Every structure is written in structure tokens, then in C-alpha cells.
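**Student:** Each chain, written out:
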Amino acid sequence: MSSVYLPEFMQKVEARRAEEAAALSRRGFIKLTGLAGGGLVLALSLPQGARRALAQPSGGTPFDANPYVQIEPTGRIVLFAKNPEVGQGVKTSLPMIVAEELDVDWQQVEVRQSEIDAARYGPQFAGGSLSIPMNYETLRRAGATARAMLIAAAAKTWNVPAAELTTEAGAVRHTASNRRATYGELADVAATLPVPDASSVALKPKQNFRLLGKRVTGVDNAKLVRGEPLFGIDQRVPGMLYATFAKAPAIGARAVSANLDHVRTLRGVKNAFIVAHQGDPLAFNPAGAAVLSGVAIVADSTWNALQAKKALEVRWDEAQASKDSWKGAVAEAKAIATKAPAQVLGEGGNVDAAFASGKTVEAFYTYHYVSHADLEPQNCTAWFKGDSIEIWAPTQTPQNAVDAVAALLGLPKEKVTLHQLRGGGGFGRRLANDSVCEAALISKQAGGVPVKVQWTREDDMAFDYYRPGGFQALKAAVDSAGKLTAWQNHFITFTMDGQAPVSAGNIDKNEFPANVLANNRMAQSMIRSRIPTGPWRAPGSNVIAFCTQSFLHECAVAANRDYVDFLVGVMGEPRATSAGPFGGGLHTGRAVDVIKAVAERSGWGRTLPRGRGLGLAFHFSHQGHFAEVAEVSVDASKKVTVHKVWVVADIGPIVNLSSAENQCQGSVIDALSTAMGLKITFENGRVEQTNFHQYPIARIDKAPEIDVHFLDTDYAPTGCGEPAFPPAAPAIANAIFAATGQRIRTLPFSEEGYSI
Amino acid sequence: MLNLTINGRTHTVGDDVDPQTPLLWVLRDTLGLVGTKYGCGVGQCSACTVHLNGSPIQSCQVPASAAVGQQITTIEGLAPPGAPLTAVQQAWIEEDVAQCGYCQAGQIMRATALLARNPQPTDEDIDRDMAANVCRCGTYTRIRKAIHSAAAKMKMGGA
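Chains A and B, in that order, are what the protein sequence lines are.
FYI, the numbering for the first sequence is 1 to 756, going by this note's numbering.
FYI, the numbering for the second sequence is 1001 to 1159, going by this note's numbering.
Looking at chain B on its own, in the form it has when it is part of the complex (with noise of 0.2 Å):
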């Protein structure tokens, strides 16, 4: 039996799981929180990407025993039913980033870290952090796009 924190509520997770399955697996199989994408399953694509303790980590490559007592944070958390959308997903619906959308979760989720960290951060600042995502779309130009207008808008006061 597993306990795990997941976007602020606590999942128990049965012994019917393995407690070596990915944290990926668990997000999407056990739990039905299927925004988390599987790309590659070996830490390359980084389609994964949650929040451990605001930090990115490929979910694929965390068994779900390692996340117990940590904070993990997955797109459906950032801003939940009802509550407004973040400065990163605002700026994500108005720079029309996503073409088939798939790895936009886990490049949305390390942009999110990157700004918490660095809230102005350069081209070169961007591409170092999230040259870990790929997007096989090709949307690089309006993701570089999106997290400088994300950034504009936390500085004016946006979430």
C-alpha cells in the first residue's frame, strides 16, 4: 500500500500495484490522471515530466515507492476544474503553441518549474532547460515565445 500526494490530495494506492511501477503508470493506469504523457519510457522525451516537490522529473523513470511523502504536481494540478488557468497555460492557449499537443503537458510542466526559478529567463535560459523536452511538432519557436509572454504576465501580477 502506497500513499502518495498528488496535486495537494492523498491517493492510496493498493497492494494489487507493484510499488517499482513507474509513477507515470500509476498516474495513468491506477489513478486515471492520463495528462501525463508516455513518450519513450527510458528518461529521453520527457513527455512525463510531473512536479516532484516542484522540481520536473520524468515520471517514467520514478518508481511510484520513491514518490511517497513527496509533493507531486501533474498538469491536471496546476490549476484545477474551476480554478483560472496559469500565466504559463494562458500563455499556451494565446501563442497557439500546441500543433498535436501530445508532449505539450511535460513541456508546459518544466516551463513552469523554469520560471519559479527563474522568472526572466533568456533564450539561452530556455532552450538549456528545455532542450529535455522534445516535441516532435516542432513547436520550439512558439514555446520559446510562450514562456516570455508567460513571464511578462507573472511580472504584471498574473498567476
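This is chain A alone, in the form it adopts within the complex (with noise of 0.2 Å):
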């Protein structure tokens, strides 16, 4: 695939594995491969020694028809889910798409977390919302080609031609002679016999799907409802230690000395010990073998560390911490914005040519860094065994974290056994394999005894890779007859190593609307920052959005216009403005669909009483085109109700219908919390916030009735973890607007005095 759509992280992490696997054709054909346990079996081709046999179980010779589909004799249908569950819904909607194609009832199906096993499954991650456009037709050729080996047993066995054969429900059925068998009890045969060339499979019509599309549970829900250990917080190892790591409040500061005699000396504490500073820990680097310094205590219970953690005190070396400020950062921000950009990163037509004939508009736009506050702090269970480790994790990018594990103990990838469990929120901070690293040192350095390492709230909102501040000063033009001339865009972000944007604080040059517009021109100067950062649901469009959304409103309000009509123009002629995989980049007529769908659904235009006003936004990210539409009311004290949320979305045919509604839905919830009053600041390189009190994330008396309608198209299906995410803001802001007449220009609106 071209590496444009995966996110950069991604690509860096992806780059040096695909040297490591040239040889093997990881995401080609589906070819035979060799005899195991007397059946045959699919894989994705590869050579043989990198296969693994998956477990046998018991009661016969299951048909191991590829990494995604196992049917035993019994008739025991298990499907493997690849991708890492953080509540993005993968470990149902993934399996779906294969049973389609396999033509089994979902009830028959048992889903399984996959192993890590890159040579399997090609790459396995939960980020960029692209588990469904990068699986999407694998899985379903994975199931076609399952399905034609049953096929081809029944043929054989009944003696009659393929052709006069269908299936349903889990079996194969030979209409003329009125025979039937199920699955399982072709599976033995089926195992005997040659595997077809996946591409010459021939797939369902859409029309045809009795499964994709439809409302699907998930397929953990009985077991989360009964508190059943799944989470990797609940991971329990015999003889397992717990352990609280402390790190210094400035970030980057290392560990000196500390009271350790005394420490162990503390009810249930078996250990305690500095770890050193390891490789770059506040780069962002989901493979990155890297620990900031601190202090390990570890004690037969989780009460106890953290009770002998009150008592620690530790000896910091500040030299390399960061010493950065919030207020610093905005104060240099607006005086950055009074100068010529440092660089500009792209330039179309005439934009000064514009600015002088057209009536302009200026603004200046602040967002502040957030944390990703996943309810499940981070955590990790390790068990270093001299030559070899085991790792428990719930994390994003299981098989980043073998690689950091590997590098950071010099051991062989091997010899690194990652258990991928699932994750109690995700939204990108999972990516990171901080804890893991944590976790697999502390093991190690506390003399191989298996090892939780736990981090309480106040470590995980300290120690964050956030979504980064920045800043817009943003100007554009309107010609006589109200349409949009020029836009520029002075972006200022941050840097770490003064060459390039922080993670996640980047910007595309062609970031809509530079790639409708003519005369346009991004511009960008960056600050020097320490404070880590890193992908944070949306990533970029999360505040790129609330920027151009809120300020291309402000244009169509300068130009006397309506937005739907601004907008629609804006977007010209149906057309797509770049290539790409998965359906390309922003389509305008895809968009152009969604506005006008949204705007009919919400009742755009009609009349709202004084104080209560309709918002609407739009933004493609993640492949998916998105328009919503807030209905707010606002009291003269400035307190914001939101009442209602119309979302309409393209993203191609659906897969779960229930999750690609709760995904939205969530989305549009987490949005409005974090728009409405969630930040993060610091001062002298310390974190300013930490617990809930002080990051109050919205409850269920803010949450909004919330409609969401997709469009039924036939661009290729895209993910929807993600892009719900960015238009919410800037729609509950264009509708403050319409309720008040007043501009908000900052994330969170809390400091413009507003609240929910």
C-alpha cells in the first residue's frame, strides 16, 4: 500500500520491518504451504519455517483453512480477530467480514484473539482507524477461500460438479439429490484438498451479504458484563510482584538517589531500585526501546507500592528535564504571529493578489494540549526469564512492543512472547510502549520475578504523550460576490529538535481548503518544546478542524452567507483532489453529500427561539467524510446545553452497524468533553493536572441525543474510530455563534468563560 494514509509512526515502524521481511510476501496470495497435524493448510504465502502450527485441540484434526479460519469435526467454527481490541469494535467487525464470505450463521462462529505473529498476519495495530480498510478485502478473500475448499470436499465426496452447489448457514447443500453437510463434518476432506488462488475466489455482491451491514453485538460483551478478567490490568501470573514506578515530576529529569534502604524496609515492598534513563523516552516511538529514569518499588500488593511510594524520596538531576511553559509558549505564539512565518510549507496562485482585492478576515486560534485519559491507566505484566521474556500487555502495537522489548534487553525477537489483551481505551495512547519497556526492565532488574508494573491517574496524566497546544493565525478573503478567494494559514507549532514539528503537530500543505483553493498559502514557525507528544484520536484534524470549520464560518458570516451554501461552494465541482488507497483523498462531491444530508436531517434554516442556535461542520480525515450539525442553547451566565447532534458520514458500505453508530456516537461525546473544558498546561516542565477534578471529562447528564446516518455508498469501506471525532467542535461553536453572536477561538471553550 502507499504509505501515504498510514500514519507517519507507522511508517518509520513499518519501513524497517518491511526490510527485515523482504523476503516474504506477507500480504500476496494464499497459497499451500505444508502438512500439519495430517491436514492441509492455508497461509498467507510465506516460507515454511515461518509458520507457526497453531494449538491443536482436541476431538480431531481441525481444517486450518488460513491464519483467520479453523473448523474442527465437531463443527466448531473459530474465527481469529488480528487486530488489537481497544474498544474500537475490530474483534467483532474483523471476524464479520469472514464469516460473510465463509457463509456461516454469526451464532456459530467462536471469535479468538489472534497471536502476534507478523509472518501470519502481516501487520497488527490499532491506530489510524485502519483496521478495517487494510483488512477488509483479505478477510473476505480469507473466508471465500475457506468456503470453495468446502465446496470442493462436498463435490468430492458426493461426486457431483461444484457448480450445483450452495451454501448456508455453515453448511454445504447439493439441492437435486436434496443433500446436506455441515462445515465440520466436511472439514476432514476439505483438509485433504488442493487451495485455491485466492484471487481467483469469487466474492459475494454486495447485494448478497446477509451479515456486513447489519447490528452485531460485540463479541466480549457477556464476559465484560460479568467482570471477567480480559483487561490487561486483570492479568494475574502465579507469584506475580506489583510494582509502581515514580518518575520525577519536571519531565526528563533522572533519578539520582534515593531512600531505598528505607523504602524496603516498608510493609510488602520485596525491592526497590533506580532504573536508568534509557534511549529517547520523550520522542514518541511506538518501537522505541526507552525508559525515563526513575525509582521501582515492588511489593507483594499494589496498595503497598504505592503506600511505600509515599514515603520515597528521590534526588532528581533537572539538567535535561524540560523546563517548559504553557503560558510561556502562548505569550511567544502571539508575538510570533505579528512576524513573517519562519518557513512557508506550500503556495498556490496569487494569495497577496486576493487579500488586496477582496474584503479580509483575520483570526487568531489557540488549542491546548490534552491528555488521552484512557479510563484504564497504563500498565504491563512482565516475566524476565534470563534468556527469554513474557510480556502481558494491553497495548496498540503489540508488534512494536516485541521490538522495543527486544532492543532494550538485547535479546532475539523470539525470545519475546507478547500476550495481546485488551485495552481499557485506547485513543492513541496505546501506541506508545512506555509502560512495557517499564515493565520489562523492572522485571529484569528486580532479578526475573514476574512483575505488574501499575501506573496510578496522576502517572498516567503525567507522563503522556499529549495531544500537542498550537496555534492558527488564520486569514482569508471574500470577493464581492460573497465567495472564498484566498486563504492563509500561519501555523504555529512545536519542535523538539528544531527541524521538524512535533509528533502529531504537523500540518499538511495541502490541508483542505489549500486543496480547493487556488490562491493559498500554509505558512509555519515552530517553538521549542520538551513536552512529549503523540497521536491523539484524529490526530491533526482534531484541532485543524475547529480551526478551518470555525473560521471558514467566519468568513461565510463576513460574506453574508449562509454556511451550507459557503461551504458547498467552496468545495466546487464533485471531484477527488488526490489518489491514495481506500477511496484517495478528500472527495468534493462525497462531501458536498454529506453537508446537504446532514443539513436536511438537523432541519438546517429553520427558526430557533432567542439563545438557541444550529451549528454545522465538516472535515474528511481517516478516509472518511463527515458533516455534523449542533442544536445548542447558551444561558447569559455562558452555560452551554447541547441538545442535539445530527451526523451524517461516508466511509463506503458498513461492516457493524451497532459499532460504527457507537463509534460515532462516542466520538461526538468525547469531542464535546474535550471542546468544552479539557487541558493540560505546564510550568517548569511540570504537568499541571492530575487527576479527574482537575480534567473533568463530560458525564452522562452533558451527553446530547445524538442521530448518525450513513450514507449507502460504494467507495471502498474506511474506518470509523476516528473521523467522527473532528467536526463535533467546530459545529457546537458555529452554533454558540448562532445562539450568541460570539466568536470562540479556543480549545478548550473554558477559557473563553464558557461551560457544560
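No wet-lab data here; the hints were simulated from the structure.
If you're wondering where the values come from, they're calculated on a predicted model, not measured in any experiment.
Glycine included, every Cβ here is placed at the ideal spot set by N, Cα and C.
This list has only true hints and no planted wrong ones.
Output of the computed footprint for chain A on chain B, the stretches with three or more beta carbons under 8 Å from beta carbons of chain A: (1) 1016–1023; (2) 1038–1052; (3) 1098–1110; (4) 1123–1134.
Please dock the two separately framed chains into a single complex, following the hints provided.
**Tutor:** What follows is the structure, given as C-alpha cells:
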């Protein structure tokens, strides 16, 4: 695939993996590879030695059709979910794709988390809303190939032409002779047959889908409601100890000494030691062998470790620590905005001429840093065994975690076994494997005992790869006809190395509307920072959409035009703005379709009482076209009530309607919560928020009604974990403007006196 | 030594455990009842909600010693293995409430206590009680729906 749509961090780690795996064709054809337990096995094209046999269940030889499908003679149909589950629903939606083409009833299927094995599964990660687009075709063909072999097995058994056979609900039927055999009954024979070329196997036409597009409830729901152990934090290993890891308040400071002798005498404490700074832990890198310096306290329970930490006294060396100040950055950015940008990233047409001939609008937008705040604080269990290590982790990037631990401990990758566990929220935080590296080192330094490293909420908030804050000085022009004629963005961001923006703090020179407007200029200035940053749900887009859609609305107001008309005009003729996989870049026709649909569904243009307003915003990200309308009211004390939000999306065909709808509703609530009141600030390199009392995630009483509608289109299916987030904040801000005439130019809105 | 009555069974917690340990950590680390979740440790998020004599409490805020002699119910005790799920649990599955699912044990415990006290809650009743619990994934729309659905099931004679 083109790397354009792979997030920057994944490009780096995948480039290295690609070199190592150059001999392998990991995403190619399915072919016959060999015998396992007497049955033929299909796998993605690989050298024989690269395969690892699946655990063989008792009761006969299973038909391991491919890494995703296993059919046991008992009739049990096991489908393997390859990517980490962190709440985005892929443990259900990915196997649904296989089940559709395999032609089984969902009730017949047992879903298991697959092992972490790049040789069998290719890239395994949860990021970039890429699970569906990257795997849709492969999984369809995995299901269809297994089905074709089961048909061939029936044809051979009954001595009839395969063309006379049909499948339904996990069985093959020969109507002419009224014969029927279940997949389980055919498994033995299927396992002896040649494997068809996956690319030649016919796929179902969309109109024959029986499962895809329907509402399917999550495969782990029954376990979740019983409180069964599923999450990383729930992991227990015999003999396991519990560790807390104390890091410096100033990010990047290093532990010099500590009252370790005293701490070791405290209740339940088994060990306490300094862990040295390793690698570059301030830089976001999922495969990075890096650990912040700190003090590990290993005890017989979490509580005893935490109590001992209260008595810990550490001398920190702050020479290389962050000295950053958010207030300082704001002042610096305001000064920068008055000067010429440090660099021009891209320019088209004649921006200055358009400014000179039109009516100009200018505004300065600010967005704060935010924390991921996954509800399950970071944790990892590790057991160093001398020449190998076993890891239990709720990571979004398990393959990178293996790379990181292997490099950190100097072990071959084959000696690192990682058990993928459910993550209690991801949002990008668990793309980083810092807690995995910590657990690996602490288990080793503790003498090779199994250790669960448990971060507190305070640790989680103080040591994040935050969504970077930033600033945009925007200027645009509209002509006498009220048409947008020029757009300029002076994008002010942060840099660690002085060369490039911090992780997730960059902007594309062709970011909308530069990709649809002749006269455009994207310029950039950077402020030095050592605050760690990284991807946070819809990275970049989560702030860019707010600035762009709010400022475009300002332009529409200046032009005295309705925003829907204005925005549709900006889009222009229906066209793809750039090529690429999974449907390419922004398509203006798809954009206009969702904008018009959401306007219609929300009753755009209707008269509302005083203090109440509608706001609309559109954003394209993660291959998804999303338009949203918010209906809000605002009282005299600037208290905002969001009554209802309408979401209209074009992400191609829907895999699991229940999950897709849930992701959209959750994204809107996340966006509302984040926009209204969430921020991370820091002074002298120390993060100032410590727990939820200072980081007020919205509760149920603030949740609006949310109407979600997906356009029925035939574009490639794309992901849904992120792209519903970006339009929500500007839709709400534009609605607040409609209700009050007041423009909000800061995230979070609480900075301008608003509350919910 | 502490004797704790959890899900109808008596558990003896040895002297190696500090009696001031929050109930949350005794449940999770000492007794292996990990369905009750740690989210904030300061009584803000309610991921750790259990029932003390039928009322929802934040188990991170209650020392284990204070739970002696009380009836404690955790998520594992709503429907013991082999027993049918409660109406609330069924509704949570059917409405497909969970995304990551981490907060849902706490949500289910609070919703169960709400319905025991108020079998037909309005949206406002639900919001008032359930606002104690954070869902970082934002599944609030479905939590409301599932509580109404559970209320309807219970009215029809369900668990």
C-alpha cells in the first residue's frame, strides 16, 4: 500500500519491518504451504519455516483453512481477530467480514484473539482507523477461500459438480439430491484438498450480504458484563509481584539517589531500585527502546507499593528535564503571529492579490494540550526469564512492543512472547509502549520475577504523549459575490529538534481548503519544546477541523452567506482532490453529499428561539467524509446545553452498524467533552493537572441525543474510530455563534468562559 | 485478620494485608476479583463501584476494615457462574453498550442499584445517578437506553 495514509509513526516502524521481511510476501496470495497434523494448511504466502502451528484442540484434526479460519470436525468454527481491541470494535467487526464470505451464521462462530505474529498476519496494530480498510479485502478472501474448499470437499464426497452446490449457515447443500453436510462434517476432506488461488475465488456481491451492515453486538459483551478478566490490568501470573514506578515531576529529569534502604523496610516491599534513563523516551516511538529514569518499588500488592511510594524521597537531576511553560508558549506564539512565518510549506495562485482585491478576515486560534486519559491507566505485566521474556500488555502496537523489548534487553525477537490483552481505551495512548519497556526492565532488575507495573491515574496524566497544543493565525478573503478567494494559515507549532514539528503537531500543506482553492498559502513557525506529544484520536484533524471550520464560518458570516451554501461553494465541482488507497483523499462530491444530507436531517435553516442555534461543520480525515450539525442553547452565564447532534458520514459500506454508530456517538461525546473543558498545562516542565477533578471528562448528564446516518455508497469501506471526532467541536462552536453572536477561538471553550 | 462477606461468601483476609487497604485493592489483588476496576483512586470516576448492603459505593474510598460485617456485592456476584444474567446485564449486551468496556462493571453496578430503588427511572433520574460514573468512550447514549430496557424487562418479570 502507499504509505501516504499510514500514520507517520507507523511509516517509520513499518519501513524497518519491511526491510527485515523483504523476502516475505506478507499480504500476497494464499497458497499451499504444507501439512500440519495430517491436514492441509493454507497460509499467507510465506517460507515454510516462518509459520507457527496453531494449538491443536482435542477431538480430531481441525481444518486450518488459513490464519483466520479454523473448522473443527465437531462443527465448531473459530475465527481469529488479528488486531488489538481497545474499544473500537475490531474483535467483532474483522471476523464478521470473514464470516460473511465463509457463509456461516454468526451464532455458529467463536472468535478468538489471534497470536501476535507478523509472519502470519502482517501488520497488527490499532491505529489510524486502518483496521477495516487494510484488512477488508484480505479477510473477505480468507472466508471465500475456505468456503471454496468446503464446497470442493462436498463435490468430491458426493461426486457432483461443485457448480451445483450452494452454501448456507455453515453447511453445503446439493439441492438436486437433497443432500446437506455441515462444514464440520466436511472439515476432514477439505483439509486434504488443494488450495485455490485466493485472487481467483469469487466474492459475494454486496446485495447478497447477510451479515455485513447489520447490527452485531460485541463478542466480549457477555464476559464484560460478568466482570471476567479481559484487560491488561486484570492479568495475574503465579508468583506475580506489583510494582509502582516513580518518575520525576519535571519531565525528563533523572533519578540520582533515593532513600531505597528505608523504602525496602516498608510493609510488603520486596525490592526498590533506580531504573536508568534509556533511549529517547520523550520522543513518541512505538518501537523505541526507551524508558524515563525513575524509582521502581516492587511489593506484594499494588496498595503496599503505592503506600511505600509516599515515603519515597528521590534526588532528581533536572539538567536535561523540560523547563517548558504553557503560558510562555502562548506569549511567544502571539509574538510570532505578528511577524513573517519562519517557513512557507506550500503556496498556490496569488494570495496577496486576492487579499488586496477582496474583503479580508483575520483571526488567531489557540488549542491546548490534552491527555488521552484512557480509563484503564497504563500497565503491563512482564516476566524476564534470563534468555527470554513473556509480556502481557494492552498495547495498540504489539509488534512494535516486541521490537522495543527485544532491543531494550538485547534479546532476539523470537525470545519475546507478547500476549495481547484488551485495552481499557486507546485513543492513541497505547500506541506508545513506554509502560511495556518499564515492565520489562523492572522484571529484569528485580531478578526475573513476574511483575505487574501499574501506573496510577496521576502517573497517567503526568506522563503522556499529549495531543500537542498550538496556534493558527488565519487570514482569508471573500470577493464581492461572497465567494472565498484566498486562504492563508500561519501554523504555529512545537518542535523538539528544531527541524520538524513534534509528533502529531504537523499540518499538510494541502490541508483543506488549500486542496480546493487556487490562492492558498500554508506557512509555519515552531516553538522549542520538550513536552512529549503523540497521536491522540484523529491526530492533527482534531484541532485543524476546529480552526478551519470555525474560521470558514467567520468568512461566511463576513460574506453574509448561509454556511451550507458557502461551504458547498468552497467545495466546487465534484472531484477527487488526490489519489490514494481506500478511496484517496478528500472527494468534494462526497463532501457535498454529507453536508447536504446533514442539513436536511437537522432541519437546517429553521427558526429557533433566542439563545438557541444550529452550527454545522465538515471534515475529511481517515478516508471518512463527515458532516455534523449541533443544536445548542446558551444562557446568560455562558452555560451551554448541547441538545442534539446530527452526524452524516460516508465511509463506504458499513461492516457492523451497531459498532459504527457507537463509535460516532462516542466520538461526538468525546469531542464535546474535550472541547468544552479539557486541557493540560505545564510550568517549569511539570504538568499541572493530576486527576479527574482537574480534568473534567463529561458525564452522562451532558450527553446530547445523537442521530447517526451513514450514506449508502460503494466506495471502499473505511474506518470509524476517529473521523467522527473532528467536526463536532466546530459544529458546537458555530452553533454557539448562531445562538449568541460570540465567536470562540480557543480549545477548550472553558478558556473563554463557557461551561456545560 | 478480616472477614469479608463478598457475593454471599465469607473471605478471610490475612494479617499480611493492611486493614486500611482500600476495598478495591483487596478485591483485585488479594481475592482475585478483578471485575472491579481501578480508574482514579480518588473517588472521581466510579469505575470501582460495588454494592455495600445494596448501595453503590466507590471501593477505592473504603478501607477493607470498614467493610467487615457488611454485605458486599461485586460485578462477579450479580450473576454467579451458571446463573442467568440479570436484566441489567442482558440489556447491556443487547444494546451493545460497551466500547472498551472498562468502566462498564461500575456502570452496571450503579444502574442495578438505581433500578432497585427506582424501577422506572426517567432520563433525568438516570442522569442524576449515573453522572457519578465516567465513560471515557462516551457510551452514555446507550447506557440510558440500556437502563430503560432493563427497567422494561424487570417490569415484565425478569431478574
